[in-house]
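K.L.:
In case you want the letters, here they are:
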Amino acid sequence: MSDIEDPSSPVDLKSEDERPVTKKRPRIVDPDEEDDVDDADEVAKADDEKAEEDVENDLDEDEDDEDDEEDEDDDEENDGERRRKRRRKQKRYRFLDVEAEVDDEDEEEDEDNDYGDVAEFIDEAPEEGAAQSDYQHRRLDRTIGRNEEEDVQDIVQRLKERHARTAAARYNGDSDAVPQRLLMPGVNDPSLWRVYVKTGREAAICASIFRKVFSQQYSANPIEVISVFFRDSLQGMIFLEARQSAAVSAAIAGIVGIFPSRGVSLVPIEEMAPLLKIKKKDVNLTPGMWIRMKRGKHTGDLAQVVDTDQITSGVVGIKFIPRIDLTPREKRKERAANGKGFTSSIKPPSRLFSYDDVRKIYGRQSVRQGAQGSYFFDNDEYIDGFCVKDVKINVIESENVNPTLEEISRFSGDDQSTAKFDLSAIADANKNLTVSVLLPGDQVEVYEGEQTGLYGVVETVTSDVISIKAIGGEVHDQIIEVPSRSVRKRFDIGEHVKVLAGKNQDATGMVVEVKGDVVTLMSDQGEQEIKVFSKDIRKAADTSNTTKTGGLYDLHDLVMLDSTTAAVVTKIEGALLRVLDQNGAARSVTPDQVTLRRDNKRLAVATDSQGNDMKVGDNMKETEGENRQGEVINIFRSLFVFLHNRDLTENNGVFVARVQSLISVTPKSAVSDLGKINPALNQQLPYGGASLMPPPATNINRNRLINTLVVVIKGTSKGLLGTIRDIQGDNARVELKTNNKTLTIALTSLKRKDQKTGATFPLEAGGGPGGYGRGVGAGGYDVNPYNGAPMNGGQTPGGFGGRTPAARFGQTPNPYAAGGVGGGKTPNPYAAGAGAGGRTPAPGWGAGGKTPAPGWGGAGGKTPGWAGSGGKTPAPGFADGGRTPAWGAGAAGMGGKTPNPYGAGAGPSGGRTPAPAGSTYGSGMDAGGSRYNNGPITAPTPYGGPPTVQSAPTPAAPSNPYSAPTPYGAPTPFAGPPTYAAPTPGAALSAPTPGLGGPTPYGAPTPFGAPTPYGGGAGSGPQVATGGIPWDWALDFRNVIVEVGSSSKPNSRSPLHFQRGAHDGKRFGYDQINGESCHCISLDDSSIIEDIPAEYLRPCKPDQPGQVVVCIGGGPEQKGQQRTTRYENDGSWMMEMDHGDLGALVVDSGDLCRIWKM
Amino acid sequence: MRRELTHTILLHPSYFGAQLEDYLRQKLYEDVEGTCSGKHGYIISVITISDIGEGKIMPSTGQAKFKTTYTAIVMKPFKGEVVDGKVINVNKMGFLAMVGPLQVFVSSHLTHGDMKYDPNASPPCYRSNDEIIQKDTKVRMQIVGCRVEANDIFAIGTIKKDFLGQIRED
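So the sequence lines, in the order shown, correspond to chains A and B. Okay, so the first sequence: first residue is 1 according to full-length UniProt numbering, each after it adds one. Okay, so the second sequence: first residue is 1 according to full-length UniProt numbering, each after it adds one.
Everything labelled a hint here was simulated from the structure, so no lab data went into it. Beta carbons are placed, not taken as given, at the ideal position from N, Cα and C, and that holds for glycine. Fair warning: there could be bad hints in the mix.
Derived DSS-like pairs: lysine-lysine, alpha-carbon spacing no greater than 27 Å straight-line [to be verified]:
1) B:Lys161 <-> A:Lys515
2) A:Lys469 <-> B:Lys79
3) A:Lys531 <-> B:Lys79
4) A:Lys531 <-> B:Lys39
Beta-carbon label-pair distances, calculated as ranges [as the list claims (entries may be wrong)]:
5) A:Asp1085 <-> B:Thr6: 33 to 41 Å
6) B:Ile167 <-> A:Asp492: 48 to 56 Å
7) A:Gly1106 <-> B:Glu30: 43 to 51 Å
8) B:Thr6 <-> A:Asp464: 25 to 33 Å
9) B:Pro13 <-> A:Thr565: 36 to 44 Å
10) B:Asn129 <-> A:Thr565: 25 to 33 Å
11) B:Glu30 <-> A:Thr565: 29 to 37 Å
12) A:Gly1131 <-> B:Lys65: 37 to 45 Å
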């Protein structure tokens, strides 16, 4: 045997020498495979090559047949050592032998043999090329010679055995049709045994086993191991193919590095094939492709394949942004000295190569200039700033590269130039991820394959295939399956989308451009464009709560950085909040560093530099600094205002300002906001001062409540005892006795508890609001010039007059007083009205207000008190008085019964005033033959005086003979005065009524002084409406014809038109007055009877001669006169002469009103 | 476009009285005119008030609630709509134009290819051979997308089509 074998070995070698001729080609074709796949993987390569042979088979079937025959011959010729021979035979014509040639190690050959063995079971023998023919001849000779020695019986027996075994796997020789499954091992095949060995020594151990098996194969008891191999991927184990475990044990016995103790285990049949299967790596590098570096300081850096020419030798040219350490040399030394060393783990930042910079640091010699603007530095070539280098394929990673847009844009050198992006490369790099981001309902576009250009909506998604419902085209509405990697999301311009991943995660915006895979968004938050991959965005609802991402904080929320510092969220960056604090400093904080402030947006108000209030949402402008303008988004402590302006880039348009430096962009309208508690409070007070008085602090001295024992009387803690620990506004921090907890409870829910008796009392004597009221009262005194009035009044000869103010202000439980003084505080409309008394034709008092002492003093001489106090006072008393004329008139008409709530409400003096006045005047008028003479002469109120002055006026005037002659009245310069002038006669009348009024010393003096004030009154009060006639002129008259029109009352709270203008332009007559309204009867249709507020009534001017008119304007001597028109000239009427007239009376038509019923 | 809308008014008791209706009216105007809702768009002006509703006093506040029905002119932009507006802001990303109360942003991507941003001009503008778009230029745009927020609408427009762009007043 051995003598035969010996020569056979050289033959084998020889044959191997021959084979490379045929086998070289495939190796060239697939070189990288070899590179990556180590020798253990060669089995699979065998598969590949076999496939190739199969092709050959097709081509040369004759040869194949021949081979088969030979095969049979061989079988027949096999001697007793079948195994050995089979191996040899395999070696001869199984393509697998090829592997053995490459590796010249003998064990490799053995391995190959083993593989051949395996293959033999499962497949027919492939033919060999023509080059083998002489080899075959030789072999034939040899085997014939051998056969002669063999027992024919034996041969037959073996042949049968063998065929019986392989029949299942044998096929008709047409290898093309042999499916892979027939190659799979079955129960009849030898088993694979796994043996644990020392990691790293797998190859050596395999070799040892080979040697051992070989050395014993011709011995008495050969080791029946068919093959031995290991896999790189399965470190620490080798596999042996054998039929029995005993053979395995024998093979591994005595070999160092094997751990038999860990057992020899059988590899299940179904795992055998996978064990040998090679996961074929798809290393398909193309220029332009993105890869990542696996080693060195550039680990993880993105690189681009530029050159694949040398790919066969495992080298690829790539381009990447270098990381050159540009630390100055001195510093580096320093660092080295510090022990950090040169090779510190600090990665130099990646930046484009710059010749100048590098030269500066490393010196001129280190950089060499190459051709076409390239540089050589440190053995690397740099072109256009990039490092271009040939690297081994195994130091780069071509899978899961997933380059970000930022990285790629760095490659293109310029953030802006997306045009330069190699979009297909990006798409390729990101292709694998497509599936994970597709969801049913997404709009997609097929961009490659036969369905290219197809649009559709994703219906279902599986791992590789998605079905889409096509839109448009011939296949409209059909469901089509496409590979998921060939679709991309599709977005239309104008769509509202949200970014799902990447730097701009959670940003939303509208698509402004779609270019392949790159979508440009216009961000909703800031004015900026964002470029993202279409895979990273999703369509968002059109109606979006842009930043409501479930986070606790929203854009523009007011948050507290600490207890005193407020800030506004200017941007939400993922988990970080970008805030701008009240001092104008911007910073980033995490949500847990801040607390959300209670939303006070609707309530917060502040006062701007002009004293107007501003609210959230108002447009304000800075009066200083940059004069920025913006919308108020938050107000903190009525002091710091956060504003937002889209146009500003800083802090995303948010800026902070102090209230003092802000002014409203739009002038504040006089129109009151109906949403406010009480509109009257907002109306400007006439004399300015008090209205701007800041509200008194509401928590005056509340701190004294600290440490008070209280009982909770409301809420969940009702009934619990506690101690006040702190006062915060209207709330108290109460430390409960029961559980030592501290709660914040409204003061109103607390009562003081007497420790000893257990009795409860209100916390504050008057309760919260009460106390407040009183506070105002007190405050009122402070600012109220009237304070002095009582004193002055005291000196008033009138005495009563003196008392009047005293009574009013001194006694003030009267809401009026508080209201008047307190400005907007009292929720009493009257008070405000009083404050706004300027609007009322309070000529008398208004006048008084402006009047220097002479007014009164001139007559009375002793009543500077009035003048003085009046001058300073926007006081309710006066305001009241201002209204008085109305009352006066009314009272006069109604017999001084004063059915009027004002009177009652006005307090002791104010209340009574009008009535007496009216009555006093009533009598006066009576005497004067006034139309109003029905006023009862009942109220001999002496102190009716002052008010009287105003109230009495008109009626008396017309017919009062006294009025005209009054020298004082004459000078009165203005329209209002008529009202005022009246007093004169009134006074004149009242003077003689001491019987009624008692010793009213005042009556006389008053009126005379009065005229003067009018000038002031006119200036101060807007009471004069059209043509110098006060808006409520109608209340002074009766039985006149009026026209209805728009309201002439300034600052009226009433609508502009009465009943929406239903009666505008119509003429009415009236003979009764209800409050401020006139009981009007339409002239056209007497069934129309309306109570029309006086402010809507205009005098009906005479339009023909001969009409009876009354003067409603003009001087006091004129007002109230009843005349008949004679003829008109240029807007003025000449009147019929009256007896007593000295000359013709000419009156402006605007001052005339027709009399209704003659 | 006219729309029948409703609005609920809460009126403070201090307004109860003869002029109640007028207050309601006034408040309605104040409340709704110039506002914007996602559903109806901008409410430009109230034309008529069809029903002022019955007041209902709210417990605890004393305010009266009126459900008012009114007709108003509304403006709601639609995708594809061509609108005329006036440029209020020009920057490198595009320009912003106001169409009545509506802001329309035209990205530079959505302008004609030959239109270039000229940051050096004063004011900055977009310039092409025959057009110049700067602040206060009147432009005709087509709306390509709208973002509707609770109280604002923002639209993206394009002038990259025929007959869009600067409107010349000749």
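K.L.:
Indicate, hint by hint, whether the structure satisfies it.
P.N.:
Cross-check of the supplied hints:
1. B:Lys161 <-> A:Lys515: OK: Lys161 (chain B) and Lys515 (chain A) at ~18 Å, within 27 Å.
2. A:Lys469 <-> B:Lys79: 24 Å, holds
3. A:Lys531 <-> B:Lys79: Holds: Lys531 (chain A) and Lys79 (chain B) sit about 23 Å apart, inside 27 Å.
4. A:Lys531 <-> B:Lys39: 30 Å, violated
5. A:Asp1085 <-> B:Thr6: 33 to 41 Å: 37 Å, holds
6. B:Ile167 <-> A:Asp492: 48 to 56 Å: About 26 Å separates the Cβ atoms of Ile167 (chain B) and Asp492 (chain A), which means 48 to 56 Å is violated.
7. A:Gly1106 <-> B:Glu30: 43 to 51 Å: For Gly1106 (chain A) and Glu30 (chain B) the Cβ distance comes to about 50 Å; the hint holds.
8. B:Thr6 <-> A:Asp464: 25 to 33 Å: 54 Å, violated
9. B:Pro13 <-> A:Thr565: 36 to 44 Å: 40 Å, holds
10. B:Asn129 <-> A:Thr565: 25 to 33 Å: 55 Å, violated
11. B:Glu30 <-> A:Thr565: 29 to 37 Å: 36 Å, holds
12. A:Gly1131 <-> B:Lys65: 37 to 45 Å: Since Gly1131 (chain A) and Lys65 (chain B) have Cβ atoms about 51 Å apart, the given range 37 to 45 Å is violated.
Taken one by one, the earlier hints fail for this structure at numbers 4, 6, 8, 10 and 12, listed in ascending order.
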